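Peer 1: Single-letter residue listing:
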Amino acid sequence: MVTKRLISYLKPYQKKFWFAFFLLVLSTAAEIAVPVIASHYIDHYLTPRLLDWSSIILFSALFVGLPLLGAICFYYQYLAFQTIAQWVIKNIRVDVFSRVQHLGLSFFDRHADGSLVSRITNDTEAIKELYINVLSSFMQNIVIIIGVYIGMFILEPTLAVVSLILLPAVVLLMHGYRKRSSKVYHVIRSKLSQMNAKLNESIQGMNVIQAMRQEKRLHDAFSKINQDHYIAYMKNIKLFGLLLRPATQLLSVFMTILVLNYFGIMSFSTAIPLGILYGFIDLLGRLFEPINQMMMRLSQFQQAVVSAERVFTLLDQTEYAPAQQGNENPQITQGRIEFKDVTFSYDRKTDVLKNISFVAEPGQMVALVGHTGSGKSSIVNLLMHFYPFQQGSISIDGIPLQSFRNEVLRTKIGLVLQDPFLFVGDITSNIRLHDAEITDEKVKEAAQFVQAHSFIEKLDQKYHEPVGERGATFSSGQRQLISFARTMVHDPKILVLDEATASVDTETEEAIQVALEKMRAGRTTIAIAHRLSTIKEADLILVLHKGEIVEKGTHQTLLEKEGLYHKMYLLQQGMVEIAN
Amino acid sequence: MSVLKDLMWFFKSEKKSYFVGIFILLLIGCLQVILPYAVRIIADGIKAGTLTREVLMMWSVIALGIGITTYFLGYIWRVMLFGAANRLGRLLRNRLYQQFSSMSPQFFHKKRTGDLMAHATNDIRAIEMTAGEGVLTLADSIIKGSVVIIAMVILVDWKLTLVALIPMPFMAYATSKLGTVLHKRFHKAQAAFSDTNDKVQENISGVRVIKAFGQEDAEKKDFDHLLDDVVDKNIAVARVDSMFDPVITMVVGLSYFFTLAYGSYGIINGTLTIGELIQFTMYLGFLIWPLLAFGWLFNIVERGRASYDRVNSLLQTKPDIADQSGARDEVPSGDLVYQIEKYVYPKGNVPVLSHVDFKLKRGETLGIVGKTGSGKSTLLRLLLREFDVAEKEILIGGKSIQSFRLESLRKAIGYVPQDHFLFSTTVAENIAFGKPDATQAEIDRVAKLACIHEDILSFESGYETIVGERGVTLSGGQKQRISIARALLLNPEILILDDSLSAVDAKTEHSILDALRKERAGKTTMISAHRLSAVEQATNIIVLNDGKVIEQGSHRELMEQKGWYRMTYDQQQLESVVMEGGGAIGN
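Just so you know, the protein sequences line up as chains A and B, in that order.
Residues in the first sequence are numbered consecutively from 1, following this note's numbering.
Residues in the second sequence are numbered consecutively from 581, following this note's numbering.
No lab work stands behind these hints: they were computed from the structure.
All of these numbers come straight from a predicted model, not from anything done at the bench.
Beta carbons: idealized from backbone N, C-alpha and C, even for Gly.
Wrong hints could be hidden among the right ones.
Unchecked claim - To spell it out: a stretch of chain B is covered by chain A in this simulated footprint if at least three of its residues, at any positions, have a beta carbon under 8 Å from a beta carbon of chain A; those stretches are:
1. 665 to 676
2. 766 to 778
3. 852 to 859
Modelling step: build the complete structure from the supplied sequences, incorporating the hints.
Peer 2: Quick look at the structure:
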């Protein structure tokens, strides 16, 4: 099944494949022809001393030209197969990456990042080995073996038939090695990965290990796995010694004895042309390297198939991100958001949102308040159409959320995440992302708008200052400002804000506050709010608890209630007093 | 080749294996040349019509004997040589692990985990290759090569040998050259592959941003470009890789041609028989591998050299922090005194701590608060001697902590680090990490103290639940509480909580602190925290700012000072109301 699918990837390259195969056959034929011709030369020209200049030149040309032809053909076919394998792997990688791009967030929630990355990279790399080292190597070696046998048939058909008994012996040997080695290989691999895991863990937790004085105990544990690995590896060396090269070497000695006895015994009754013996011995010498090659590659095959299975499982995932329904292309013009009786569950068992209803009028700010797990983020996730929802309705400007095209939602709803994620590149590329229509001018404008311009100008390379992995060289406040600019460059109608709780330095904090205020102006804003100042300015405050709205109102109405909001307000006053 | 000299200590310690292994290679080489000789005898016998059944039988038996002997010998040298190399790998891995164990945190800050892992895996494998395949190819090409050439000269014809070998050095040269180019290109291909890895990693971690900005298709295009690069670089590798076989084919082909040409000449002149020609051709076949290996050897050794240097420099690194000579064996106890004039990180220039002086009587609790980066963690980690203070000192019971053995000092301290690190084993083993022989009752008790017992019981396999990537994913708060239980089990003289309550809710924090007070009566505790409620009950609280103590006193005193402490306290009270707003309304 898996093999079939792997082969199906070769289809687009059929022509090249068959051409390469043709070259392979040609190169093998050229190589095999040499001993056959040499045998003919010895028996019909050398032994009877029938050498004239024209035949000398002819044979010289053949003995030099044929290997040359073989070498050239071999070079091109080998390169061609490798190239095809590279293309095929690229296609598999593109397929799996594209598939993953379009999966819904619900899929990512359930799968660890690390294993997904490993599927797309390491597992596909293992498949590459399959194409190059297993499939193409097997093909080449089988063609050579067939070629050698054809050569033998040309020289001495009877002996060639007798020589065929070698094949079942080789198959038996291969089978025996594969059966035993696959177990040993499995142990080696698992011990190796255990050892690496232990080592990795020890390096990361070394301060704990040292503080608790467990160095010795953990070293002993490591040594034990190291020892197990050693033992398994020794077993592999022994297996290799018993069943691989030394074994095929022994088979080749058997074959030589067989050939000698065949000709020797025959010579008692008839005259034997020695050229044939020469040719046969030469061909025998060419037979065993391909066999060795194939046996050594067997274990890779099993490993690659396992990897391929994993990749294909990922390729068959259909948990797509929610798609647009209908074919119209409505636009967001006002920015009026309405949630009506929305009930939602990630796992279809426990509801994380229950009967959520509220309206955000154009230009208003709605603040979502509540502790972790109260459902604030889920509201945002639904509004962004990251997840499909089953009950209730969400509409923007009176049009159901599902009817909007993704591009419309992505450009007109600006999401500002709590943890601003920066990509490797520079500042400009982080603001513009991949949108070529955003000019440098626009990038600058956006940065100015969100108060990021002043700190960017102070950088060595200004807007082209490189951004490293996850933007680690920037402070969290600076990262936030850059991510603000990234959102504002699209001039969204609606702003979805996940306010950061992390404390940043005062200067940046001020810039952030000014930026946020400017960003909110004239836009409908849904904010997951942590700061009282943000909450105070909201037109509507939703207090969430366990997925339900438990309190709803404006700053004023909530104050008058003398409930929670009142309490908060008083504390705020107290603080102002102290500060003075 | 110098790496072989550097590995001499190992070869000496494995004298027997290498001696036996190499001796066997010599033996095999000698036995091997007999078979072609047998072929020649029989061939010439056939030609002359003098072959008898007895001669045929005898040589068949001899050949069979050689084959079987060679089979077992081949097995033995593999076990000897590759076994030794395998032992070298085992030894180096153990040494490296040992070395890592004695390194201070600074070392791990400087080096990236990935690099250290690469040294322990790839580099050691390359060294193993040198000690195994490297020694083999060297011995094989020299021993087998010489034996075969000697056999050619003695048993056949020295002139023919000379003629036939003309193209051979070119093969060793070409494979060595190609190997170098291949290695370089392979590196580039690996780098390109690692770029795609980084891309995928970034893409998956940033999936929310990518979706929020609708960048999926653009990302696909980006990935496609990166893959094109990978394909190009790999095809560049393939171009070189594809050269190996053709070069060998050509060189060997020429050799055969020369042999046949000169051999024909000899046969016509009567100086050579056809049997000898066949024998010689077989010898020629034997030479291909040693010569090929000789070219390959340079690459193995070159890689082994670089890897050995890297591993060796790691092994030679001296630990930053070590016992002083004549360090005390006793476990320190008594009052704790900090007298730090100034502490600067190695290679840093801004002091992280300056003028930190305080005294903590045995049994008292110290609270340390302040903004991120104010030096709280450093202050605590100095006590563990993760770093050493040069200017002035820290005393326990009147003795400098540097005068104790590290082992003894650490025995006195229970440490709950900020980045609560758990090991991927069971919950019970994690709690009993510092005391592996703890009974289940002891584990239960500390788990209860740390308010994690109930949580653990709710896991599928309770205390036997595996933690980490392959097991349950714990919340930050749960990890912190397990770390606390882990430290409590040691019942240490001094307990350090380095911002270890940040992820537990206020109520749990309160119960843990309560339990700590009861449990640790008469023992010293140091707590650093962002949330001031964690230190409210401390005997003494110090407020750090930029490494300096800006306020100091009990909670009550600090509240009256109306400084940073008071401001922050009020703000946090407020924020806690906001955060738990839903709950408050519900009540």
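Peer 1: All hints, please: hold or fail.
Peer 2: Here is how each hint holds up against the structure:
{"no.": "1", "hint": "665 to 676", "result": "holds (count 6)"}
{"no.": "2", "hint": "766 to 778", "result": "holds (count 4)"}
{"no.": "3", "hint": "852 to 859", "result": "holds (count 4)"}
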